[in-house]
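Chemist: Residue numbers (this note's numbering), protein chains in the order written: chain P, 1 to 213; chain S, 1 to 285.
It should be emphasised that the hints constitute simulated quantities derived from the structure, not laboratory data.
Any given hint could turn out to be false.
Calculated Cβ distances over 10 Å to all of chain P for the following chain S residues [as the list claims (entries may be wrong)]:
id: 1; residue: GLU6
id: 2; residue: ALA60
id: 3; residue: GLN267
Mimicking SDA-like on lysine to any residue, the simulated pairs with C-alpha atoms at most 20 Å apart in a straight line are [said to hold, decoys possible]:
id: 4; chain 1: P; residue 1: LYS129; chain 2: P; residue 2: SER114
id: 5; chain 1: P; residue 1: LYS129; chain 2: S; residue 2: VAL259
id: 6; chain 1: P; residue 1: LYS129; chain 2: S; residue 2: ASP122
Note that beta-carbon positions come from the ideal geometry of N, C-alpha and C, so glycine has one too.
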Amino acid sequence: MIISRQKDKAELLHHLEGKHKLFLVGCAACATACKAGGEEEIFQMQDWLAAHDREVTGSVVIQEACHIMRVARDLRQHRTAVQEADALLVLTCGAGVQSLSANTEKRVIGALDSLFLGNVRRLGQYEEKCSLCGDCILNETAGICPVTNCAKSLLNGPCGGMEDGRCEADRDNDCAWLLIYERLTRQGRQGVFARVVPNKDWGRRHQPGRHRL
Amino acid sequence: MSHFSERLAGGEFVVTAEIAPPKGVALDLALGQADALPAEVVAVNVTDNQSANMRMAPLALAALLRQRGVEPILQMTCRDRNRMALQADLLAAAALGIENLLLLSGDHPRFGDHPQARPVFDLDSVQLLQAVQALMAGRDLAGRALTSAPVFCPGAAVTPEAEPFDLMFQKVQKKAAAGARFFQTQAVFSEEALARFMEHVRPLGVPVVMGVLLLKNARMARFLNEHIPGVRVPSDLINRLALAEDPLREGVEIARGLVATARRHCQGVHLMTLGCEDRISEILC
Ligand code: SF4
Ligand code: SF4
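Please model the entire structure based on the sequences and the hints provided.
Modeler: Structure, rendered in structure tokens:
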């Protein structure tokens with residue numbers, strides 16, 4: 001899921017300058033799980049806004065705010081409240097914010113920072129394992145992604161900065177290449193060490209991405 | 001053919017040193033350091049934003065060194081430039097008569113003086129070696145023909161004391177397969193570790209230039225052990241420095257011993273003297 005967290009309140013206040021009436025939007029999927037933009041956070045935001053002399057015209061928690069058509073439908077159902085507002089304050093990831101901005105001419109203010117595509121260890125503890133590079137190498141790396149887990153995204157083995165199996169960029173982290181090597185060794189195969197991996201085709205990471213699958 | 005590659009190919013023992021470009025625009029200090037190097041030094045590494053600290057691009061200093069008859073080894077890291085910029089710089093280097101290259105991943109920006117920088121690492125060091133191979137064959141990484149092909153002597157860095165040895169060595173093999181014509185090692189202090197490394201590397205047929213770092217005092221040695229990956233200064237050397245009346249002289253003594261080790265096992269020595277270039281003659285005799 002997409003990991004997001006609320007922006008610093010001082011930054012948010014700055015974005016809210018001159019906006020007195022707000023319509024709030026949350027997301028029932030990732031932003032709820034991250035405790036950043038679910039029903040509970042919408043209520044808290046309402047209180048905080050009230051304390052800062054803002055009026056809330058209404059709110060909605062959309063099933064999946066990244067779903068562009070669903071956002072269009074939900075906004076239509078709240079047409080009057082949206083009309084009344086100076087701006088929409090959106091507590092979703094960046095994808096959700098853009099579903100909103102694609103569906104209204106009103107000013108859309110994002111309240112969250114989107115961090116990464118995260119695996120969930122337990123609620124509140126997330127790990128970035130994949131950066132959606134479009135050219136997946138996991139089958140050769142024993143299921144550990146060097147593009148994401150190696151601080152330098154190296155594809156052919158560790159850098160000279162590895163020390164005692166720890167990463168140069170953060171000694172609290174294991175070097176991804178040591179983990180890959182150890183798991184491949186346990187599996188009795190050479191994997192990614194059997195060939196020189198050529199430069200990555202970043203062109204397969206369509207940006208801007210549009211797919212019909 | 002560069003003198004450096006000629007001598008390596010001829011099996012002569014080579015000596016290289018290292019100079020950093022300035023953090024500023026005045027080059028007289030760096031050029032003065034280069035001019036003062038003794039004749040035994042056949043080529044000089046010019047570092048590339050070393051330790052991820054921003055300095056002048058090494059291409060300028062390398063080109064000026066060459067004009068003065070000092071042969072440069074241009075260091076190039078994958079940290080700061082994507083494949084287009086790297087290839088463009090490689091062509092520029094060739095046009096300026098720079099042949100020797102040392103191709104590196106580069107230290108992560110997190111601990112340099114621009115920790116907010118976006119790290120690039122579009123290529124890794126093995127892929128950068130492949131890019132050099134392609135250019136030398138008259139093609140760029142996209143397979144397009146060049147109007148004329150550059151000539152290079154590409155080298156790569158290795159860390160003989162890194163553990164696990166097998167993991168480190170798999171990458172060494174890839175570097176050889178990707179066209180490394182020489183290896184320059186991280187500073188080595190243990191003859192045993194070096195001998196093991198050389199035993200494995202010999203069948204690859206790539207000459208090895210051993211890194212020798214001048215230890216100035218015990219404090220520096222301890223710092224290296226704590227902060228520089230792959231560098232292991234043994235405790236007996238630290239004790240020698242700690243007990244010495246003149247630690248720098250003791251450091252020169254230790255470096256002399258290491259040069260002798262290099263002569264026994266390797267094809268050359270790379271001296272890292274960090275501002276004490278005037279002691280190089282002593283270290284070599
Ligand atoms: S190789 Fe690419 S697609 Fe595969 S896990 Fe890593 S980032 Fe994701
Ligand atoms: S130490 Fe390992 S994980 Fe860290 S940058 Fe180097 S190769 Fe990547």
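Chemist: The structure should be examined with respect to each hint, and the outcome stated for every one.
Modeler: Hint-by-hint comparison with the structure:
no., hint, result
1, GLU6, "holds (28 Å)"
2, ALA60, "holds (26 Å)"
3, GLN267, "holds (20 Å)"
4, P:LYS129 / P:SER114, "holds (15 Å)"
5, P:LYS129 / S:VAL259, "violated (45 Å)"
6, P:LYS129 / S:ASP122, "holds (19 Å)"
The structure fails hint 5 only (numbered hints given earlier).
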